[in-house]
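Asker: Going down the list, the protein sequences come from chains A and B. Throughout the first sequence, residue numbering follows this note's numbering, covering 110 to 609 in sequence. Throughout the second sequence, residue numbering follows this note's numbering, covering 404 to 1063 in sequence.
Bear in mind the hints are in silico, worked out from the structure with no lab data behind them. Treat the hints loosely; a few may be bogus.
[Claimed, not checked] Computed from the model, here is a short list of chain A residues facing chain B with C-beta under 7 Å:
id, residue
1, A406
2, S438
3, L497
[Said to hold, decoys possible] So these bits of chain A aren't anywhere near chain B, every CB distance computed over 12 Å:
id, residue
4, G145
5, G168
6, L328
7, T467
8, Q599
Using N, Cα and C, we set each Cβ at its ideal position, and we do this for glycine too.
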Amino acid sequence: MNSMDFPLLSLLLALPVAGAILVALLPRERTELVKGVAFATCVAALVLSLPLYFNFQPGVTGFQFEEVTDWIPGLNISYHVGVDGISLFLVLLTTLLSAVAVLSSWTAITEQVKEYMALMLLMETAMLGVFVSLDLFLFYVFWEASLIPMALLIGRWGGTRRIYAAIKFFLFTMAGSALMLVATIVLYLWGGGTSDLPKLLSSQIPAWLQVWLFAAFALAFAVKVPLFPLHTWLPAAHVEAPTAGSIILAGVLLKMGAYGYLRFALPLFPDAVPLFAPWLSILALIGIVYGALVALAQEDVKSLVAYSSVAHMGFIVLGTFALTPQAVSGAVLQMVNHGLSTGGLFLLVGVLYERRHTRLLKDYGGIWVKAPIFGSFFIITALSSVGLPGMNGFVGEFTILLGTFRVNVVYAAIATFGIVLAAWYLLVAVRRLLFGPLNPANTDLSDMNAREIAVMLPLVVFFFVIGLFPNLFFQKINPAVETMTSQVTQTRAVAEMSNE
Amino acid sequence: MIIQSIWLAIAFPLAGLLFNGLLGRRLGRGVVGIVGPGTVALAFVVGLFAGLDLLALPAQDRAIVVTLWNWISVGSFRAGMSLLADPLSVLMVLVVTGVGFLIHVYSIGYMEHEEDRLYARFFTFLNLFIVSMLILVLADNYLLMYVGWELVGVCSYLLIGFWFRRGDDPQDPVRLKDGELVPVPANLNPADSGKKAFIVNRVGDFGFALGVFLIWTTFGTLNFADVFGAAPEIASGTVTVITLLLFVGAVGKSAQLPLYVWLPDAMAGPTPVSALIHAATMVTAGVYMVARSHALYALAPTTSLVVALVGVITALYAATIALVQTDLKRVLAYSTISQLGYMFLAVGVGAYASGMFHLTTHAFFKALLFLAAGSVMHALGDVIDIRRMGGLRQKMPRTYWTFVIGALALAGFPLTSGFFSKDEILAKAFEFSPILWALGLLTALLTGFYTFRALFVAFWGSARDQELFDHAHESPGVMTWPLILLAGLALFGGILGLPQILGVDHALAGWLHPAFADLEGEGAEAIHHGLSAGLEWGLLGLSSVIALLGIGLAYWFYVANPGWPADLAVRFKSVFKLLVNKYYVDDLYDLLFVDPGKALARFCAQGIDNAAIDGIIDGGARLIVQGGAWLGRLQTGFIRHYALAMFLGVIVVVAYFFLR
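Looking at chain A on its own, in the form it has when it is part of the complex (with noise of 0.2 Å):
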């Protein structure tokens, strides 16, 4: 069992922030050494991370690794943090983009480095607490927390247009996490004056209440998803952020929209999901075909990636609000593949940017021959992307199809033939980037270096270990999703039967 004492998560959560203190504290001309100590704080967190999934215990129902203590007394707020099947792989996942993050950023950086490292490693802190988060309160904190650091990166390290991506970056989530923050406000003083999540899923909030509390915070998870039409903020903010900043924004961030869904939104307000259920369905599906329409009219490599980002995240809301346990757990598991497979295409676009720092697809072509390792790369992540079998997309995709076929055939229709338009979109961009004759410009074009590949490759071994053992994941995911779900559809069900 892990009724250790020891305060794993609080560490995971500390780690980083001493690590940025530490990054503070140094002279500012020794880049090599901030930003090994960072790297080095990053390896730390993910090595601490790792026995939450050693030592997580399938069959167990509720959270594990729990801690509470008192964090604002008066107010009967506690610091409440712990995992369980929905929230393992996302706080695993955010150790290792992180690491990811920092190694891709070695040579891209040239500026201010020490406040970049700083930052991304408050990032990480950031990032964590929303997954770990038992308190709304201490959701909310971790959550706004988040969006300081990157709209500063973005800001700060961004491209051309940084300025303008940073500032609507910052104001659409800000506008949906405001509506959160009510919400959170008018759940805690109706709940008795705890914002305790444990203690708020089993109490009994009014239907009409739950329909206003949902929309609240459905707003506010949305805006981060994105779900269509709110997801201009998106491309704008991957296309000027730096490519740690897109690797963190795809990889983690837009995964606390989807996060919330499953933590707070459907559990706490199961008696809304009927009402609401269907439209955001539909709207996963919108984006699901819109962003890949979108996505194949991009000129910008990297926006062409952006977009495929609401595509799918498409299937992973659509998935969520199937609520079988084939989809819904299929839904967490494609939220670790996204991370995973468009992190690496964020991660590729930068190893090209910074060679020759266009990201234009029309500037390429035939380049697979001079940088064969890159071109590898590319196609390898591209076809887990476009959900490959064999590698993790197809896994998600599959079962997220699978479960909402159950419940919708149209539904399911509808995103399947969304996976016929991913395969054009993506094999348009392996097309003008890999294939036809070689453009001149990139005659000097260099291959991949040992550190680029050393980023790369334990991606590469995600896809294939999730795509064929995807058992090693499902067998913690499954106990808790099914919990969830039952739990939303019983209460329904209840509810339902008392209004007859």
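The hints should help you fit chain B onto chain A, whose structure is shown.
Answerer: What follows is chain B alone, placed relative to chain A:
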């Protein structure tokens, strides 16, 4: 028993691909050329022993399931990494690895001019294909079959685009006798051809995936044995929908109407790829899938009729296009589409064993024809236009004679392998409906004609391009020996399935019988058609006559009276142009799907995303900024203004309470 380790058949080429993929470039082409074909040979040996193991078992026990690991389990859904070795899958293993091995060996010679890196990459991809195809045929459930199904598609994509630097290949126009130049559509470049193949296949897979979902929601399992066992209790409407959806996948993978358009362009890949993937094995996956699912298809007569009709119409349709192709590989590509149509005709009329028989013989003779065509290309520096060939039989006797054997088998010349398998299908079709039979027979006539047209133009007569001709040489032994072995199979492969009226056993039907035993009337003892011996002899005779007639007509037109085809082209100019342009179907699809898709994408990106959504949002933001500036002017800083405002406000509130 080795059959319990049937996974070794997959593991060997898998090891080969990892070895060649990671180390091949460093170890040099000698090692690559041994590892690539060698691992496939080992897989063949595994298949052979597995087959012997099956024979040692009693007929009803000839289905061994080997579970490697529990792959996906979520809630009530389970799918295993588990393999099924039964006569049907082992036959496919032998065809894939047997023909595959010969093609691997041939590739050692064919790819000799590639640089080391590409040479290693080629064998890596070829081995990956063998692995994928074996997963497809050995899967014991629909999900794993789908895995193989998608993986072979990726291999096809990668290998079609192998020479990804090349551009479109423009074709010389045809100069008609009246002086008009008829443009011949250019051959699409390899990179776009690969992309096209993958996307068109995904359209088919869309149907296949939905079929798999429906199987699961209907049966609660994807395991073949469980699904087929429970099938009779399922409403026939559901079975019809399931089988139709699966067939959509088959139409894509096996290049049938209306999704065949990718296969001719797939010829942009290296010729061994065309032989292995786009003729002998991958494209037959759809036929295999239907045969594997025969328990479902037998319960869905409507679907079966659709399968048979699509098959026979595709067979005839593709054969007409093949009549005028000037690219030797494309003649063969359209003939592959046409022959696959025969196979679907067979499984559509319920003759599953006959379909598998033709699949097997076709793998022999079509692989042979492609490799022989590749040998010609190798000799002529990649020239593939038959109008630039001529007289090659003196220069390349081995290639020529093996090509002749392949052509005879394709044309259904009596006693060759293709003759027996095609005749069996036609007889079964006759039994089902004489109309289907007549269409099949007409296709057979065209087949004999277009096959020998290509042969006479390319190999007979005198050289049309003296420079090319002088350059031509016979290919090395590493290429001609596979040709000779395949020629032997194409010639004598018919003994696998001799007709019952000759008084011998139908060996292949006997072998497959345990796999099809659930169908009454199928198998060795029932291979006797419901036809009388006289009628059967009559059909056999007619098939022979038709094949000879097709060949004879080709001789008449292209050897005896070489001016006639040109006259005909002028007389039926519109038909000729229609065929040269492949019925304009590619242009039609561009017009109907590709261009509107791109336009819609642009509209979404510019019209909706940039203009509408961001317009509203940026506009809203500007409004707020301006509104703020406007409101800011209220803050004048003069106390008296604020006092006045407060005073007015109090009046309004008081008035409200009084007047309420």
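Asker: May I ask you to test the interface hint for A:S438 with respect to chain B, counting a Cβ-Cβ separation under 7 Å as satisfied?
Answerer: 5 Å, holds
Asker: Taking the closest pair, is the beta carbon of A:G168 still more than 12 Å from chain B?
Answerer: 14 Å, holds
Asker: Return the status of the interface hint for A:A406: holds when the least beta-carbon distance to chain B is below 7 Å, violated otherwise.
Answerer: 4 Å, holds
Asker: Answer holds if the nearest beta-carbon of chain B is closer than 7 Å to that of A:L497; otherwise answer violated.
Answerer: 6 Å, holds
Asker: Beyond 12 Å from every Cβ of chain B: is that where the Cβ of A:Q599 lies?
Answerer: 15 Å, holds
Asker: Please check whether the beta-carbon of A:T467 is more than 12 Å away from every beta-carbon in chain B.
Answerer: 19 Å, holds
Asker: Closest CB-CB distance from A:G145 to chain B, is it above 12 Å?
Answerer: With a cut-off of 12 Å, A:G145 remains clear of chain B, as the shortest Cβ separation is near 31 Å.
Asker: Could you let me know if the closest chain B CB is still more than 12 Å away from the CB of A:L328?
Answerer: 15 Å, holds
Checked against the numbered hints above, the structure violates none of them.
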